[in-house]
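K.L.:
Take a look at the letters that make up each chain.
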Amino acid sequence: MGVDRRKFLKLAGVSAALGLGGATGFQLLRPGALDAAERMPTPYQMVFPKEHGAAEIMPNPKRLQGRRWGMVVDMRKLTPASARAAIEACNYYHNVPQIPGKQNIKWIWTAPYVNVFPETENPWADPDIKNAQFIVMCNHCDNPPCVRVCPTKATFQREDGIVMMDMHRCIGCRFCMAGCPYGSRSFNFRDPRPFIKKEYPDYPTRTRGVVEKCNFCAERLAVGKLPACAEASGGAMVFGDVDDAGSELRQLLRKRYSIRRKPNLGTSPQVYYLV
Amino acid sequence: MLEKALSGSKLYWTWLIGLLIVIAAGFGAYLVQYNKGLMITGMSRDVSWGFYIAQFTFLVGVAASAVMLVLPYYLHHYKTFGRITILGEFLAISAVIMCSLFIVVDLGKPSRILNVMLHPTPNSVLFWDMVVLNGYLIINILAGWVTLEAERKNVPPPGWIKFVIYLSIPWAVSIHTVTAFLYAGLPGRGFWLTAIMAPRFLASAFAAGPAVLILLGYLVKKLTRFDPGREAFETLAKIVCYAIILHIFFFLLEVFTVAYSAIPSHTSHLAYLYFGLHGHNMLVPWVWTAMGCGITAIILLVNPRTRQNPIILPIACVLVFVCTWIDKGMAMIAGGFVPNPLHEITEYAPTVLELMITLGVYATGILVLTILYKVAIGVKQEEEAV
Amino acid sequence: MYDKGKIITGLVIFLAIFTYPLWSNMGKAAPVPKPELPPKSVATQCIADTQYMRTSHMTLLNTWRDDVVRMADRVYVSASGKSYNMSLTNTCLECHSDKVKFCDQCHNYLAVAPFCWDCHLVPKPKEKK
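Chains as they are written, first to last, in our numbering: chain A, 1 to 275; chain B, 1 to 386; chain C, 1 to 129.
Just chain A, same shape as in the assembly (with noise of 0.2 Å):
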């Protein structure tokens, strides 16, 4: 034999390689599946590519597209009563807990203008304005810093621009908390589940441990409906395409002054409000 044990090893180990790599290539190449996506094969094309069932997987066709989500609030129209039913109603179709105390769970509450605009103090605006509450949520920013920091892209941001929890892999390490400079971000310090008050069957709760925030409802978005929040408030939170120059949210951003939550940070909030 002259095969030395080096040279078997290293004829095994390109073999291996060949093999492995052979193998995927066939799987990325096998028919109709370039075309079935310009994107990469989604993980299950990847496991299950012959499986005993799927003929394909593929997004609701009554979905909502947009390029681009976004949402303006005309605080003109808010008033407490449609504020209120716009945050039960996010509570209720996630599930949000009511917990009492610091360790409480917020995907949208009101504020007063002092705090949700903290460094453009203006003592002598508009009283409206000055003493009104605004309605505050997780801005889906173009730039998220909360993204950038989640060290295993458990909070991703999807190409029409939501910003996504993924509750499977997060490790609660509340990075993410940090990096917000907006506060939208609750942490599960408990189970939550005693503390729901109707429980809404077709959402699920969380567990302790992971770290949750609005999610535009990309949930209700999915089966071609509006966010829980804009339906319920009365025409006062108008989501839209930011992208698609006619929708009504670029319109009502032509013709009204707006403004957002500290743009300076280069966060590029998609929440805008109507002064």
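Simulated from the structure, these hints should not be mistaken for laboratory data.
Output of the computed footprint for chain A on chain B, the stretches with three or more beta carbons under 8 Å from beta carbons of chain A:
#1 31 to 45
#2 110 to 116
#3 120 to 126
#4 184 to 190
#5 338 to 346
Dumping the calculated BS3-like pairs for lysine-lysine here, alpha-carbon to alpha-carbon at most 30 Å:
#6 A:Lys198 x C:Lys101
#7 B:Lys36 x A:Lys198
#8 A:Lys62 x C:Lys82
#9 C:Lys99 x A:Lys198
#10 A:Lys197 x B:Lys36
#11 A:Lys197 x C:Lys124
#12 C:Lys126 x A:Lys225
#13 A:Lys102 x B:Lys36
#14 C:Lys40 x C:Lys101
#15 A:Lys62 x A:Lys198
#16 A:Lys62 x A:Lys225
#17 A:Lys225 x C:Lys124
#18 B:Lys10 x B:Lys374
#19 B:Lys4 x C:Lys4
#20 A:Lys197 x C:Lys126
#21 A:Lys77 x A:Lys198
#22 C:Lys4 x B:Lys374
#23 C:Lys6 x B:Lys10
#24 C:Lys126 x A:Lys198
#25 C:Lys34 x C:Lys99
#26 B:Lys4 x B:Lys222
#27 B:Lys36 x C:Lys124
#28 C:Lys101 x B:Lys36
Here are a few chain A residues that sit away from chain C, every Cβ distance over 10 Å (derived from the structure):
#29 Arg5
#30 Leu11
#31 Pro123
#32 Asp241
#33 Asp243
#34 Arg260
#35 Pro263
Built from N, CA and C at the ideal position, the CB exists for glycine as well.
Fit chains B and C to the supplied structure of chain A, relying on the hints for placement.
P.N.:
Coordinates of chains B and C only, in the frame set by chain A:
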């Protein structure tokens, strides 16, 4: 060499058993936390990092300080440190183990901790923190153990260990810089968003670490026949002196920038810490104590007569430890989170269970340190007796 | 051997602890699990064949969750051409609505405690019509 840790005096075994009891109590408290969640801590939606991360931050500094022994000895052949570099490296191992444990107890879902490795995210500083801390642990285990073993067998250490030791020098600086980057890159936290975060961390690390080393050196001298040497203590004391001066100086630089520019979103954090805001002043006595300890320590360390006094020097080291522990631990963390991004104030204080878990982790680190030091001193005494 | 007493004692204690699951359950035979399928009025067909579901339902659910949460794909078209929403609570448990009689049967027997139920709500069991 571990057999050196299996035989010892009654004091040694009593000490180990005492530590095990504290560890057991801490573990019990952790089981409560594992079952009920982090609700048992004093953390809140606004102050989402607390005592555990404060300890982690402080101990990364202590771990990094091993470089203060390695650099003079291996790079500049400062022979005085030759006998005690092993003590620095073993302290680093113990400190890094404590850091990792503090991260684990702080996580909401510790069973998913491997997600950080399964889904590597290079844009996240926490990912790099995991990389550099684990790397530093391996470097110090290798550097310490291999050189000690070579010393015991009376042979020169293998050539490749020189590379590992030289690597540990920039790596030590990197672990603390990366930890500072965790804080210094967050746009929403004005108190932390400063370039001087990393230099401040390093300065307080090089004050606290060698201070701990001096104290450990005195302890070792008292309990065994191993004497690090008067000159070693003196040089370490000088290092602590310069480092604590820099630490206070950097702090004063921060105060000037914040106070003179008078930007409310920046001044509010220092105001909360040092004077209280809107009646919330829980941390005020702590930060002023830290300042007092630091200034007293500087006075004691600058004057050679007090610095060289074998009773006053340990006291000064304790003062340095208290100053940096409060400043870099609780004050820095709580100050960053209070007031919150909406300028609301939620104060933070650790709970009893939180403190028990913290003590349990410290006891684990001290247990590791005891065993490693027993091995190191055992080997040195055996080989010096020849 | 050296320290014979300590070693043998240690070995005996170790073996006792190590074999605890065997001798503590001696004499208690657990019944073979009999998962009950939902009544015919509720559901007749699963999203894939039984053999596949038996072996791979967890892998299926894992890839479903990445598809739904991370890729925003929510519709699964089975081999028979039927479209399903990819959801544990709203699809799987819509038909297999009695978790205790179906899911828990095998899970309890095998001492498997999936933490899916910590978040995903379990609907009330559907009665036979």
